[in-house]
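> So the protein lines, in turn, are chains A and B. According to our numbering, the first sequence is numbered sequentially starting from 1. According to our numbering, the second sequence is numbered sequentially starting from 1.
Just so you know, the hints here were simulated from the structure itself, not pulled from any lab data. Note that beta-carbon positions come from the ideal geometry of N, C-alpha and C, so glycine has one too. One or more hints might be untrue.
One side only, chain B facing chain A, incomplete, derived with CB under 7 Å [to be verified]: (1) 6; (2) 10; (3) 16; (4) 18; (5) 93; (6) 96; (7) 186; (8) 241.
So the derived label-pair ranges between C-beta atoms look like this [stated by the list, open to error]: (9) A/277 <-> B/1: 55 to 63 Å; (10) A/23 <-> B/112: 25 to 33 Å; (11) A/194 <-> B/240: 50 to 58 Å; (12) B/238 <-> A/118: 35 to 43 Å; (13) A/170 <-> B/177: 57 to 65 Å; (14) A/120 <-> B/123: 46 to 54 Å.
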Amino acid sequence: MTAIRATNLSKRYGGTVAVSDLSFDVEPGRVTGFLGPNGAGKSTTMRMVLGLDRPSGGSALVDGLPYAELTHPLRKVGALLDAKAVHGGRSARNHLLAIAQSNGIPNGRVDEVLETVGLREVARRRIGGFSLGMSQRLGIAAALLGDPEILLFDEPVNGLDPDGILWIRTFMRGLAAEGRTVFVSSHLMSEMAQTADHLIVIGRGTLIADTSVREFIGRSSQGYVRVRSPRLAEVAELIKVGELHHDHLRVTAMSPVEIGTLTARAGIPLEELTSVQPSLEAAYMELTKDSLEFTS
Amino acid sequence: MIDILRSEWTKIRSVRSTVWTLAIAVLLLLGMSALLNGTADDPVDGAQAISLSLGGVMLASLPMAALGVLVISSEYRTGAIRVSLMAVPRRLSLLTGKVVVFAVTSMVVCTLALACTLAIGLAISRPATFDAGAAVQVALGSALYLTACGLFGLGLGTLIRHTPGAVVSVIALILVVPPVTNQLPGQWGDVVAAHFTTNAGMLVVTGHGNEHLGAWSGFGVYMAWIAVALVAGAVLLRRRDA
Ligand SMILES: Nc1ncnc2c1ncn2[C@@H]1O[C@H](COP(=O)(O)OP(=O)(O)OP(=O)(O)O)[C@@H](O)[C@H]1O
Ligand SMILES: [Mg+2]
């Protein structure tokens, strides 16, 4: 069964449309990246999946049910939305204990997940003093308490150092390899390219792409050849298929060899003849450029 | 439900604000009892000693109301309410859990504290005789009153979701506005004043009714106010985005 299914999901806050007619499925056994620029509606969508915000239209189902109808939801779904949204006065252990008890999860499990995320040493310290990295680990520990099949993480690597990022990335890949559903949001394509198997891209609350990472890379790796010459206009005329930019020519239909041969025959000097592979980030920017909330 | 109660008990016992507010309430009860009985000029009889001993109840209702507010508003302040609702998406069950755990905690602490409060007061004043039955009744009534004030805070906290706003509202409703209603003119003014929140609720602390209400029916009226706050809070809790 599809782990998470959004059907025509919409959310308005007063006059702001945060999510609009969004439909997608999230499948088990892989990491699904949820990508979109700031303000695209990723967090809002996750809150609706988790039954925190009520959709203005459409539905979000977890394992075929609305979240609120799950008995002991944490045994099915674990989520980390905002690692700092905890009571700073409590110890890590008591924080997790309260969550575990609410879903009938044995107390021993608290120590297990603290061990898993590497917080055993600080279990009795107040959470208020935790660094962002430690808070993220605590949030992940909370998500793992019920040993859930489905996991949601909202920008889990935000503000982490490279070690922390690598840890979370490896961790999420491990969870998916165990057959779990991992749904993780980010606004960085480069991050998702290294973590996710599948991508759901949204912008301004609507679906832009729902594709495997491999397909996305394949589609976006259509490169071009950049040509510069003091006699650029003549080159453009000669090649015909080029696209003239202010100081160079962009050619997608010919190889550098073909272009070089043609211009050499015509006796036109070249300053540059480079094969350019656009980065994933560039392809993603291209895809979402129309839906940026704030353009600088 | 037992799972939710266990979880809420862990939450309430594991933050300092609980310990502080309860400690302040207990100290106010004991301190006022000792002070009022110790400074009484003339020898007092049993009934007077008991009523002097309960002189701190009104003050102690403030930390109790604040604790009631904090039980829910601290979750809104930190954002932890989302963690709680992910664990317990049936929102009324979550609220019920908070109400029950707060009420039981408060009843246990306040009953013990009031027993000590009366014991100290009577030990200081040494009245010739006193009515033990009446003492037990007002001690219990006062514990219920203090717990009710906390539930008032919990209801308003759920409604307002903002610690300072809810604390100010509950103080206004239990301490500031009730004496003001006594100034209302005419017979209707009298009726309104008699039924207004703690004007009615305090009757169970003094143990005497007034011309409109008895001690326990007064407490019933106070509980009706609190029920309104809690039900309004519950309705909004269900309806609003977390
Ligand atoms: N509670 C709310 N009240 C009003 N507007 C909101 C609320 N939550 C979100 N929005 C608006 O909805 C839109 C989507 O916000 P959301 O936080 O879901 O985006 P996001 O994709 O998570 O962005 P980011 O990458 O910055 O986290 C934004 O325009 C935001 O201002
Ligand atoms: Mg977000």
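> Does the hinted range 35 to 43 Å hold for residue 238 of chain B and residue 118 of chain A at CB?
Distance hint for residue 238 of chain B, residue 118 of chain A holds at roughly 39 Å.
> Can you verify the interface hint for residue 241 of chain B: is its Cβ closer than 7 Å to any Cβ in chain A?
Holds - the Cβ of residue 241 of chain B comes within 7 Å of chain A, reaching about 4 Å at its closest.
> With a cut-off of 7 Å on the beta carbons, see whether residue 18 of chain B makes it to chain A.
At 10 Å from the nearest chain A Cβ, residue 18 of chain B fails the 7 Å test, so the hint is violated.
> Quick check on the hint: residue 16 of chain B CB to chain A CB, less than 7 Å?
holds (6 Å)
> Per the hint of 50 to 58 Å, is the separation of the Cβ atoms of residue 194 of chain A and residue 240 of chain B within bounds?
violated (38 Å)
> Is the hint on residue 186 of chain B kept, meaning its closest Cβ partner in chain A is under 7 Å away?
With a minimum Cβ separation of about 44 Å from chain A (threshold 7 Å), the hint on residue 186 of chain B is violated.
> Just to be sure I understand the hint, the distance between the Cβ atoms of residue 170 of chain A and residue 177 of chain B should be within 57 to 65 Å; is that true here?
holds (59 Å)
> Honestly, do residue 120 of chain A and residue 123 of chain B meet the 46 to 54 Å range at C-beta?
With Cβ atoms ~50 Å apart, the hint holds.
> Falls inside 25 to 33 Å, the C-beta gap from residue 23 of chain A to residue 112 of chain B?
The hinted range 25 to 33 Å is violated for residue 23 of chain A and residue 112 of chain B, with Cβ atoms some 58 Å apart.
> Answer holds if the nearest beta-carbon of chain A is closer than 7 Å to that of residue 10 of chain B; otherwise answer violated.
holds (4 Å)
> Any CB of chain A closer than 7 Å to the CB of residue 93 of chain B?
It is violated, given that the least Cβ distance between residue 93 of chain B and chain A is near 10 Å, above 7 Å.
> In this structure, is the beta-carbon distance linking residue 277 of chain A and residue 1 of chain B contained in 55 to 63 Å?
With Cβ atoms ~60 Å apart, the hint holds.
Checked against the numbered hints above, the structure breaks hints 4, 5, 6, 7, 10 and 11 and satisfies the rest.
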